[in-house]
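K.L.:
Got chain A; can you put chain B with the ligand on it based on the hints?
First to last, the sequence lines map onto chains A and B. Here the first sequence is numbered in my numbering, starting from 591 and rising by one per residue. Here the second sequence is numbered in my numbering, starting from 140 and rising by one per residue.
Derived from the structure by calculation, the hints contain no laboratory data. Some hints could be false.
[Claimed, not checked] Here are the simulated lysine-lysine pairs, DSS-like style, with alpha carbons at most 30 Å apart: (1) B:K281 / A:K786; (2) A:K792 / A:K830; (3) B:K269 / A:K790; (4) B:K247 / A:K752.
[As the list claims (entries may be wrong)] Simulated restraints, written as ranges between beta carbons of each label pair: (5) A:F663 / B:D179: 52 to 62 Å; (6) B:Q261 / A:D864: 50 to 60 Å; (7) B:D268 / A:N795: 54 to 64 Å; (8) B:S170 / A:K790: 49 to 59 Å; (9) A:Q626 / B:P239: 44 to 54 Å; (10) B:E180 / A:T603: 28 to 38 Å; (11) B:S170 / A:L855: 41 to 51 Å; (12) B:N153 / A:F663: 56 to 66 Å; (13) B:P239 / A:K752: 29 to 39 Å; (14) A:E820 / B:K233: 46 to 56 Å; (15) A:L855 / B:K247: 29 to 39 Å; (16) B:P251 / A:R787: 23 to 33 Å.
[What the hints assert, rightly or not] Every beta carbon over 10 Å from chain B, so not counted as near; a handful from chain A, in silico: (17) S676; (18) L677; (19) H678; (20) N720; (21) T841.
Predicted model only: the values in this text are computed from it and were never measured. Using N, Cα and C, we set each Cβ at its ideal position, and we do this for glycine too.
The primary structure of each chain is shown beneath.
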Amino acid sequence: MTTLKGRNLISITDYTKEEYIQILDLAKEFEANPKQPILNDKVVASIFFEPSTRTRLSFESAANMLGARIIGFSNPAATSLQKGESLHDTIQMVSSYSDIIVMRHPRDGAARYAGEVASVPVINAGDGANQHPTQCMLDLYSIRKTQGTLDDLHITMVGDLKYGRTVHSLVQAMCNFKTTFHFVSPKELEMPESVKRHVKDKGLNYKEYTKLEDVIPFSDIIYMTRIQKERFPDPTEYEKVKDCYVLDAATLKGCKENMRVLHPLPRVNEITMDVDKTPYAYYFQQAQNGVYVRQALIAAILGVK
Amino acid sequence: MDNKKELVVSAIENGTVIDHIPADAVYKVASILNLSLHDDEVIIGTNLESKKLGKKGIIKIKNKYFKQNEIDKIAVAAPTATLIEIKDSKKVVKRKVEVPDILQAIVKCINPNCITNVEDVQTKFKVIDKHPLTIQCHYCEKTQQPAMH
Ligand SMILES: [Zn+2]
Numbered sequence: 591m592t593t594l595k596g597r598n599l600i601s602i603t604d605y606t607k608e609e610y611i612q613i614l615d616l617a618k619e620f621e622a623n624p625k626q627p628i629l630n631d632k633v634v635a636s637i638f639f640e641p642s643t644r645t646r647l648s649f650e651s652a653a654n655m656l657g658a659r660i661i662g663f664s665n666p667a668a669t670s671l672q673k674g675e676s677l678h679d680t681i682q683m684v685s686s687y688s689d690i691i692v693m694r695h696p697r698d699g700a701a702r703y704a705g706e707v708a709s710v711p712v713i714n715a716g717d718g719a720n721q722h723p724t725q726c727m728l729d730l731y732s733i734r735k736t737q738g739t740l741d742d743l744h745i746t747m748v749g750d751l752k753y754g755r756t757v758h759s760l761v762q763a764m765c766n767f768k769t770t771f772h773f774v775s776p777k778e779l780e781m782p783e784s785v786k787r788h789v790k791d792k793g794l795n796y797k798e799y800t801k802l803e804d805v806i807p808f809s810d811i812i813y814m815t816r817i818q819k820e821r822f823p824d825p826t827e828y829e830k831v832k833d834c835y836v837l838d839a840a841t842l843k844g845c846k847e848n849m850r851v852l853h854p855l856p857r858v859n860e861i862t863m864d865v866d867k868t869p870y871a872y873y874f875q876q877a878q879n880g881v882y883v884r885q886a887l888i889a890a891i892l893g894v895k
Numbered sequence: 140m141d142n143k144k145e146l147v148v149s150a151i152e153n154g155t156v157i158d159h160i161p162a163d164a165v166y167k168v169a170s171i172l173n174l175s176l177h178d179d180e181v182i183i184g185t186n187l188e189s190k191k192l193g194k195k196g197i198i199k200i201k202n203k204y205f206k207q208n209e210i211d212k213i214a215v216a217a218p219t220a221t222l223i224e225i226k227d228s229k230k231v232v233k234r235k236v237e238v239p240d241i242l243q244a245i246v247k248c249i250n251p252n253c254i255t256n257v258e259d260v261q262t263k264f265k266v267i268d269k270h271p272l273t274i275q276c277h278y279c280e281k282t283q284q285p286a287m288h
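In isolation and in its complexed conformation, chain B is listed as follows:
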């Protein structure tokens, strides 16, 4: 089992593997990263066995490395995720994603009367609690659980 997993992970020579995604967040992660527009190989696996999560998802994206803002989005959608960057078939970086203290242009405000939902204003939230993720809108000041864009 472990060997097989290793095999699939190293199946891409260059690119990123997002591992340990909660099974129910796999498609959300794919969507917020706009992976449907990626014109190289993308492998999405879900409901895979995981000791830590029970069931997990994994996404492999060939020839793609993510910017910090995108990694922050992954952290919000899938707080347990691990990011593995591969260059020339070698794992060069492996790290857990972390929710930043400020979420800028990552999620939208749940308050329909918030100015950010009416005018073209970039959203901004202060993270009040990371478990469970609780944020406060910089504009309308409403405390909420995040809703992804």
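Isolated chain A, as found in the complex:
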């Protein structure tokens, strides 16, 4: 078994399949027993250069349940960054105060750079439009938990597949398993060629659809994403497609028993409330799983598990 101690987690491709499994197994342990004061002598820096309340609370809850102290900021306007301090200098300072850094930053690649500057390990909590690896790990955890396996699944992704970083990372990660992918999107928001090529290079298959109804009968996972109006140069084009990718309870008729609906949250209107009451809704538990996965990552990287 390889050790994750002292390693950064910047991009989902930084970890091997075995390392994903190691984290998922550890997260399972934390789900069964979430309050373990194993980080009493550790300081976790939580530095958010842009607001993301959901992700920050999940990380801080994870660190708290392990007994760690938390330092940091969630509002860069109130820090010296406003005075023009470089990311380089901020990271050096924070490194000297903490054992591990959890960082969110609006610039693409900021996390990789921070990982090179910091003297302590860095976990990327989102760098611009690039990566958000802990979201991907909690997606894997949720898939494995609901399906009992990560192999031989039909994974369907719906909505904005062009710009959605969560779906790109999830495809990369699921390419380590024997996955068949189904991509449902309007033409304007198709999965990028580079991602599709990656699937083919791994010897796996994908199919593309424009209608959500077509994938209901065989999907094991339906991963919904939000279609943002800003993505369309012409607002009338948005009006044309927006309702095609709304999942309601009636649409789910005829789906597989084991099928579960995932969503990175927050949702706007792409999953109607009547789906919440069906046994297929899993997005709220999915978010809860994020805490266990983050506990596992912090504990493994600090070398206490």
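P.N.:
Relative to chain A, chain B with the ligand alone:
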């Protein structure tokens, strides 16, 4: 024709000849190598006839030999280029340039939101494909065609 070319090539006793530059890349090569600052003889020829390229460019720089990092820059701007080093009027080295597997501080990232375009970070790219040259930013992970500094 061949004789004449030979004559011009050997016109410098010591220095470097960059031959087989795509005609449209001649001034780009001169610029990335900062040849305007070279205080010895520089001869730039462009739109010369070439069997291989149709039209080609050639640059001769007296009393100048390039470092590996500079040769890598030439490779990115002019992948077909040949480098001839001349010492005491003799060709001592003739070789094709080659794009390295990692481009460090050679090109800049096309992604305006990339940290390398905001902070003082040295750029680094992994070469994914050499024909056509396709690279991936080590930081923002964006796959792109190179844009020279
Ligand atoms: Zn970049």
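K.L.:
For each hint, tell me whether it holds in the structure or not.
P.N.:
Status of each hint after checking the structure:
1. As the CA atoms of K281 (chain B) and K786 (chain A) are separated by approximately 15 Å, the hinted pair is consistent with the 30 Å bound.
2. The hinted pair formed by K792 (chain A) and K830 (chain A) fails the criterion: a straight-line CA distance of about 35 Å is larger than 30 Å.
3. With a C-alpha separation of about 20 Å, the suggested pair K269 (chain B) and K790 (chain A) falls inside the 30 Å cut-off, and the hint holds.
4. For the given pair, K247 (chain B) sits about 24 Å from K752 (chain A) by alpha-carbon distance, which is consistent with the 30 Å threshold.
5. Range check, F663 (chain A) to D179 (chain B): Cβ separation about 55 Å, and the 52 to 62 Å hint holds.
6. At about 53 Å, the beta-carbon gap between Q261 (chain B) and D864 (chain A) stays in the expected band of 50 to 60 Å.
7. For D268 (chain B) paired with N795 (chain A), a C-beta distance near 23 Å fails the hint of 54 to 64 Å.
8. Judged by the Cβ atoms, the range 49 to 59 Å given for S170 (chain B) and K790 (chain A) is violated: they are separated by roughly 39 Å.
9. Checked against the hint of 44 to 54 Å, the pair Q626 (chain A) and P239 (chain B) passes, with Cβ atoms roughly 48 Å apart.
10. E180 (chain B) and T603 (chain A) have their C-beta atoms about 50 Å apart, which leaves the hinted 28 to 38 Å range violated.
11. S170 (chain B) and L855 (chain A) have their C-beta atoms about 50 Å apart, which keeps the hinted 41 to 51 Å range intact.
12. N153 (chain B) and F663 (chain A) have their C-beta atoms about 59 Å apart, which keeps the hinted 56 to 66 Å range intact.
13. Look at P239 (chain B) against K752 (chain A): about 32 Å separates their beta carbons, and that is inside 29 to 39 Å.
14. At about 55 Å, the beta-carbon gap between E820 (chain A) and K233 (chain B) stays in the expected band of 46 to 56 Å.
15. Taking 29 to 39 Å as the suggested C-beta distance range, the pair L855 (chain A) and K247 (chain B) conforms, at roughly 36 Å.
16. Hint check: P251 (chain B) to R787 (chain A), Cβ distance near 25 Å, so the stated range 23 to 33 Å holds.
17. At roughly 6 Å from the closest C-beta of chain B, the C-beta of S676 (chain A) falls inside 10 Å, breaking its exclusion from the interface.
18. In this structure L677 (chain A) is not separated from chain B by more than 10 Å, as the shortest Cβ-Cβ distance comes to only about 6 Å.
19. Under the 10 Å C-beta cut-off, the non-interface status given to H678 (chain A) relative to chain B is violated; the minimum distance is some 6 Å.
20. With a least beta-carbon separation of about 5 Å from chain B, N720 (chain A) fails to lie farther than 10 Å from that chain, contradicting its non-interface assignment.
21. Interface exclusion of T841 (chain A) from chain B stands, the closest Cβ pair being 34 Å apart, more than 10 Å.
Comparing the model with each numbered hint stated earlier shows that hints 2, 7, 8, 10, 17, 18, 19 and 20 do not hold.
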